[in-house]
Every structure is written in C-alpha cells, then in structure tokens.
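Put chains B and C on the given structure of chain A with help from the hints.
Chains as they are written, first to last, in numbering that gives the first Met the number 0: chain A, 0 to 158; chain B, 0 to 158; chain C, 0 to 158.
I should point out that these hints are in silico values taken from the structure, not numbers from a laboratory.
Keep in mind that the hints are not guaranteed to be accurate.
Given that identical chains are not distinguished, each listed pair holds provided it fits within a single copy or across any two copies.
Said to hold, decoys possible - Mimicking DSSO-like on lysine-lysine, the simulated pairs with C-alpha atoms at most 27 Å apart in a straight line are:
| id | residue 1 | residue 2 |
| --- | --- | --- |
| 1 | K70 | K129 |
| 2 | K112 | K51 |
| 3 | K143 | K112 |
| 4 | K143 | K129 |
| 5 | K87 | K143 |
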Amino acid sequence: MEKKKLNLLLFSGEYDKALAALILANSARELEVDVSIFFAFWGLFLVRDPEKFTTEDKSMYEKMFGMMTPKGPNELPLSKMNFAGIGKEMLLEMMEEDDAPPLIAFLKGAQKKGVKFCACKLSVDVMGFKQEEFIPEVKIMEAKEYLSDALSSNMQLFI
Amino acid sequence: MEKKKLNLLLFSGEYDKALAALILANSARELEVDVSIFFAFWGLFLVRDPEKFTTEDKSMYEKMFGMMTPKGPNELPLSKMNFAGIGKEMLLEMMEEDDAPPLIAFLKGAQKKGVKFCACKLSVDVMGFKQEEFIPEVKIMEAKEYLSDALSSNMQLFI
Amino acid sequence: MEKKKLNLLLFSGEYDKALAALILANSARELEVDVSIFFAFWGLFLVRDPEKFTTEDKSMYEKMFGMMTPKGPNELPLSKMNFAGIGKEMLLEMMEEDDAPPLIAFLKGAQKKGVKFCACKLSVDVMGFKQEEFIPEVKIMEAKEYLSDALSSNMQLFI
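Just chain A, with the same shape it has in the complex (with noise of 0.2 Å):
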C-alpha cells in the first residue's frame, strides 16, 4: 500500500492550536503517516529558537516585531479563555493533573519522529527571521512549494 500524506499549514501562533497541529503530526507518524508542516504568518513563532534571537540586519520595524513577538512555544498564549489572564495557566495546570505533556514536548516529539518543518519565505522575508533565529529542521520554501506537496497529500488542514 502506498504511504500516507498529511500536510499541515500551521497559520496561528496560539498555544492551543500549535498544540492540535502537533498532537495531529505525533499521532500521524505514529501511524507511519508522511507528515509536513509548512508555518506562515504567526505559526511561524512556534518554530523560533529561543535563544537565538538576533536584530542584526534588521530593519527598526522588524527588530520591534521581533521583540514584541513569541518566542518559541512556550511563550504563545492561548487563543480563548484568556479570562483576566488565568485561562493559560490553568490549562496548564489541568493538562498536568492528567500527565499530558506540554506544547514543547510535542515539539520535540515531532523533531524527533522526522516531521518536516516549512516556513513560509514570503511571512519570513516580512516579518525579518533570519534562517538562524529558527529550530535547525525548518526549510524555508515558496507557497507554490508548499501547495506542489500538499496538493498531492491525503489530507491538508490550515490551522
């Protein structure tokens, strides 16, 4: 039987859905499932090192966005619930209490299982990551790359 594709396009930069992308690329590859995932816009935060944050040859803008924005995936925030702030934490707290491990864990999960990491050139070049600033698997690539893949995939979902 041939092998299976998912293609993922990981658009938001929020904790819960960085964490649907991944719990979806883990539980694929653990099916022997072919698995990319191409980061444009803010989904690019998720793959930024932490660490290696840079303001060299950047314009004042793009060093500002750069400080301004997430920095890897602890520091997303969620996309709801964010009830006077406590709606991360206490997810947090009960992903815990039931031994579900963190957004970083799948991260590395994923890193691990051989999950192809693509980042948008065009929000790259916009936004002014550097190749360095990110985690060392992810590929910059065009859109037209990006969808050549996906086009030919068993299933693709933008989150």
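Chains B and C only, in chain A's frame:
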C-alpha cells in the same frame, strides 16, 4: 459509485464557526455523503448537554472550568463582532428575519441525519468532562482513530 | 494528467487570513491549478465593492450591519497583534519594506487569473447583502453546490 466521506474537526467553541460546521454537515448528509465531526478542545462545548453538568469526580480546576465555559449550543459566543456585546443578539435577529434556523436546530438536524459525533479523548480528559455530560451520540476516541478515518475521507476541514 | 483543483472556504474577515487565502489562490493558478473560493460569513467582507454600498431594501439590522462592517480588502482588521492598534500599520509597513504587494493587489491578481469567486447564499441573505454590492466575479450559491465541488477537489481548506 462509492460513497463520499466528509470529515470535520471542530476545534473552535464559537457560535458562528459551529454554525458553519453544522450547515456543512447537514448539507453533506442531504447529498448522501457520510459525515464525521471530531470535537476537540473548545469544540467540545457544542456537544455538552446543558442539563447534565456535574462536578462529581472532578479536580478543583475541572469544576471551575466546567462552570465557567459554555454549556451547549446556545451559550457559545461569536468569534467576531462582539461590539459591546450586541454582535450575537444582532446576528440572531438577522437570522430570524430570514427564517434561518438557529444553531440548536442544525445540531438536532445533524443528530437525526446520522452525522457521526466523535470527541477527542485527550481534550475530554484534560477538561475533566464525563461521557454522561455530552449528548448521547458522542463517542470518545483517540486522535489516531480520527486520523485513520480522516485520511481515507474525500475532504477534511479544521474549523 | 488531469488538472488539479484547489477549493478554499474563506470564513474569516481578517486582513491576514484573507492574505493567506489569496496568496494560495494566486500561487495555485500559477501552477495551473483550478481554484474556487467560497466566501461565507465574515469572509464576504473581502468581496464587497467599497463603492457600491446600498441601504435599499434592507431591514434596520441589515443597514446597521452593512455600515458597521468592513467594506472590501482595505478595511479588514488583523486577526492578531492589534497592540494598541499599531499591528496592522506595522505589518503593512513591513510588507512595503519587502516589496510584498498589499491584499488588494492579490485580490486583483486572483480576479485576472480566473479564480472562481462564490458567495454563500445563506450568509448573503442573513447579512442582507445584494448581488450588486459585491465585485462582479462573485456568484451566489448554496452550501450544497460548494460541497459537491469541494468533494471532487484535490485539496480543501477552511480559512
């Protein structure tokens, strides 16, 4: 001709997004397409039975969470247009003017028409929901089971 | 080889999500892929012609709604980063720095390249929009017609 299959993942807990999902589900059933909806994260709020809220066997966080969050279709907020809270009322009035049925009618339609309702086990566990707090059609399953089914569908959407 | 088909459902009424949808649509057309976009709910704002707003034959709610909501691509807000309102200005400046075209250019590109524009009849009726308030390419259709088309496409996204 082989029967077509539509697979929706409802992640969002908002009135308008749930409405979009259920309109698609009902329309697809009228075209004799098989339909499954996998409810995850905030999407679970839609399939809570408002009469069946319990605090038994729940941690303090799970109790608080269950109380603070929407119980069933009528309590879901809008994703947009919450101008001073008039957004949802206004949309509901406008729907009534055009004889468009409310969300609860589309939910009942989907139940009658044999849409499959699946709930994400990890989300259910983390949020502390019990099987009996959901409408009776809901079957709790792992993300892997959802993925196997979705990968063999003709169309998948993340809503 | 049979021609591939991409089918997008644009539900969101935000600048960044509309940009993502139109970048995909334009890129797909450059790969000679057939593209349809089904505009539903807040997604309809993108295909409003800003010059053609009318209050004729509308209920009071429909008039208010038409006035309060974005008229065409330039008025769409950002989905994120609305830090004290500077988010969108900043993004637009950053796009200009990189010579990335604004949303309106991608919309015009999609019109020229033959992307099919469909509008959800139920949403149009509820919001009270008239055919002549949209850009001329827009064809109003039922959710079922969209579904039949989408089910036979190679790729579908809900944005």
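Outcome of the hint check:
1. K70 <-> K129: So K70 and K129 pass the 27 Å test inside one copy only (13 Å; across, 36 Å).
2. K112 <-> K51: within (23 Å within a copy, 41 Å between copies)
3. K143 <-> K112: Classified as both; 25 Å inside a copy, 15 Å across copies.
4. K143 <-> K129: within (21 Å within a copy, 35 Å between copies)
5. K87 <-> K143: This pair counts as between: shortest inter-copy Cα distance 26 Å, intra-copy 35 Å.
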